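Given chain A, put chain B in place with the hints provided.
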Amino acid sequence: MIQTICLGHVLREAVTTPYRNLVTRPTGAAVRGRIERTMRDSGCHVALLDFSEVELLDLSCADEIVAKLLLLSAFDSDRYVVLWGLHEDQVEAIDHVLNHHRLAVAARTAGSTTLGVLGALDPDGREAFACVADRGPLEAGRVAEALAWAEERAVRTLRALAARRLVRARGEAFHPILVA
Amino acid sequence: MTRIVEIPTSFDDRAMDQFAAAFGTWPADERLLFDARATTWVSPYGFVAMLTAAQAVAEGKGEPPILYLPASEDVRRYWARVGFLRHAPELFEVHGKVPRAATGPSDTLLEVTPIRGSDDVHEVVGRVQEGASRILTELGLEVKATMGFSMALSESCQNIVEHAGTSGWVAVQAYDWRRRIGTRVVVIAVSDAGIGFRRSLEPTQAKRFGDRWSDATALEAAWIQNVSRFRDPGRGQGLAGIKRYLSRWDGKITIRSGTARLANVPHWDREDVPMTEQLPFFPGSQVQVILPAQAPR
Numbered sequence: 001m002i003q004t005i006c007l008g009h010v011l012r013e014a015v016t017t018p019y020r021n022l023v024t025r026p027t028g029a030a031v032r033g034r035i036e037r038t039m040r041d042s043g044c045h046v047a048l049l050d051f052s053e054v055e056l057l058d059l060s061c062a063d064e065i066v067a068k069l070l071l072l073s074a075f076d077s078d079r080y081v082v083l084w085g086l087h088e089d090q091v092e093a094i095d096h097v098l099n100h101h102r103l104a105v106a107a108r109t110a111g112s113t114t115l116g117v118l119g120a121l122d123p124d125g126r127e128a129f130a131c132v133a134d135r136g137p138l139e140a141g142r143v144a145e146a147l148a149w150a151e152e153r154a155v156r157t158l159r160a161l162a163a164r165r166l167v168r169a170r171g172e173a174f175h176p177i178l179v180a
Numbered sequence: 001m002t003r004i005v006e007i008p009t010s011f012d013d014r015a016m017d018q019f020a021a022a023f024g025t026w027p028a029d030e031r032l033l034f035d036a037r038a039t040t041w042v043s044p045y046g047f048v049a050m051l052t053a054a055q056a057v058a059e060g061k062g063e064p065p066i067l068y069l070p071a072s073e074d075v076r077r078y079w080a081r082v083g084f085l086r087h088a089p090e091l092f093e094v095h096g097k098v099p100r101a102a103t104g105p106s107d108t109l110l111e112v113t114p115i116r117g118s119d120d121v122h123e124v125v126g127r128v129q130e131g132a133s134r135i136l137t138e139l140g141l142e143v144k145a146t147m148g149f150s151m152a153l154s155e156s157c158q159n160i161v162e163h164a165g166t167s168g169w170v171a172v173q174a175y176d177w178r179r180r181i182g183t184r185v186v187v188i189a190v191s192d193a194g195i196g197f198r199r200s201l202e203p204t205q206a207k208r209f210g211d212r213w214s215d216a217t218a219l220e221a222a223w224i225q226n227v228s229r230f231r232d233p234g235r236g237q238g239l240a241g242i243k244r245y246l247s248r249w250d251g252k253i254t255i256r257s258g259t260a261r262l263a264n265v266p267h268w269d270r271e272d273v274p275m276t277e278q279l280p281f282f283p284g285s286q287v288q289v290i291l292p293a294q295a296p297r
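Residue numbers (our numbering), protein chains in the order written: chain A, 1 to 180; chain B, 1 to 297.
Check each hint, because a few of them may be wrong.
Stated by the list, open to error - Per the computed footprint, the stretches of chain B lying under chain A, defined by three or more beta-carbons under 8 Å from a beta-carbon of chain A, are:
| no. | region |
| --- | --- |
| 1 | 37–47 |
| 2 | 118–124 |
| 3 | 147–160 |
Because the hints were derived from the structure by calculation, they are not lab data. Computed from a predicted model, the values in this text were never measured in an experiment. By construction, the Cβ of each residue, glycine as well, lies at the ideal position given by its N, Cα and C atoms.
For reference, chain B alone in the conformation it holds in the complex:
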């Protein structure tokens, strides 16, 4: 038997719950078929989420999911350009014509990239630093914001290395969000198929929360109280640093782990809520950082 997972037509963070719900239970007891034939657009968050799902299947010794590529050649070319199709064949049985990745100027600051260890974090931060100044200047941000942006990227990726217990994925891209918030943004999307915040913090925090211990309270403990699974008192500062950076530059973060999702809610996205619980389960943790342009262009 095969279970069909429809890839949302427009797959960004808002469509994540629809994507997660399509799996039914984890681990899936049927072979999965990711059907992206009708998909027209995927954000960095969507790309890393798809790879994370397939990675979780592989790590659970499941059969590689089938992936039907988008029907549109333009969309497939875009998938190639952002690097998704370079990694998909490692985790999916890919069906559909795979175009060669186009070269040339692009708003992709960082293609979809695996994070397996500290060396990858160095590589990712270095590559983003090279292009970040140009794009962040376009967004009306001071040069100073570039360093903070790279710091936020570094700390987000390190969460995978330090806490996930497995590898993960990152992608960074700038694009227009005119319809959604009326401006350009740059987005960092980081995802892993690891143990998630609740299991990571359980040994040190669960007792303190008692019956309230859950994916949501684990996220709260990490984000609000800056707790870490390590007893080293210097730990837990990465998220605190990201928080400070986002508050200065009016940015947004969402962290989804297990069945809960936490968000800071900037003034430009009042439709979102700080905490959502009882979501469809999805493995590991997914972090998205959004930095909007500071002035209308």
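Just chain A, with the same shape it has in the complex:
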């Protein structure tokens, strides 16, 4: 199950401000707390965090919300996070904090039709992620074929992606997060 969480709404609930800016660590922590509660209450496996109503995201808030959510979800083997509707400057802020922590997350920017990865991920990981996101559930052999890789390389890369919650492993196949 996919749960869409509109961060603009969550911000308005968490802070009494007429602005649409996700700034400061206390705000980030309050917003993250609400996201976690929503995920827990809904029992969803995939949280789609929609940033489209957010204007500014500073680094402190990016760290408190996105990086800490990923660090905490690392202990939950069946919980996935996808970012949605990001502006360019939000992409930069999130990419910066995730690289700092050596984390990565699936994300779709505003105006884009494809899912990409923000943060620390090697080129093989990015290629394999794009392949799975584009072509649906695939076994390692199909990914190896599509990317002209040795199968062992595809297996290793896909397992690493699954361990980092960027694809879902089910049996022999690797599924894109959003259609899994």
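The following block gives chain B in isolation, referenced to the frame of chain A:
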């Protein structure tokens, strides 16, 4: 006894050491008199520095300093317009005619504003966002720069909330620096009367530096190594983000804390130096971010 602190005739970041030296020792053992009668111009940095000095006196249980306002009515009107005179009576015994703040178009992006907590940071960032696009576009910066500018403002103000141990002040203004660098600039000035970088980082960093530990090494640790007093590995990214933003838009930052001052030195200000030590002591930390116009107007 009263100690006279002459407010520099033209009070910007370059006159800060002259201002700090006028106090002698901290905390001052005499009542202070800030004499601004001959002052003709004060930058955002000068305004927040004056309030910081008076705040430090108040927090040290000293008698409120006396403030002689500028003799020029135009200058006093300007002080009112940028919001300084709204806050000065809370910290100073003000002498001189206080004009009513003028309204109308101005290059003040943010009046002198106290930062006491996270809500103030929200308010400040929101207010600046509203006017920043217009002014940054005038400076030839892309719309994208507006968001980065607000981010830099947010992270600078949060340093007060997270690290100073007391409240502080911020002001943002655009103005002509034609004589100094030949172009227009927008300036963020942030100051607090708190514990400063050295005391903030001392528990986690002093041992590593040993005898070299000082205001200067504390600034270096924060700016170059992105260290923070918190053990949370996500900390220390605010200054790193500001650094990245300034390098992209050719901006400048100076951070003064205690007796040291750190600066990145952009090509348009080669007269400055990366680190200055053994300056006259001034309480807390003072940060100035300068963003120049990208093309001659």
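Now the hints, each set against the structure:
Under the rule that three or more residues need a Cβ within less than 8 Å of chain A, the assignment of the region 37–47 of chain B is violated, with 0 such residues. Coverage of the region 118–124 of chain B by chain A holds [criterion: at least 3 residues with CB-CB distance below 8 Å; count 5]. Coverage of a stretch by a chain is defined here by at least three residues with a beta carbon nearer than 8 Å to that chain's beta carbons; for the region 147–160 of chain B and chain A the count is 7, and the condition holds.
Hint 1 from the earlier list is the only one contradicted by this structure; the remaining hints agree with it.
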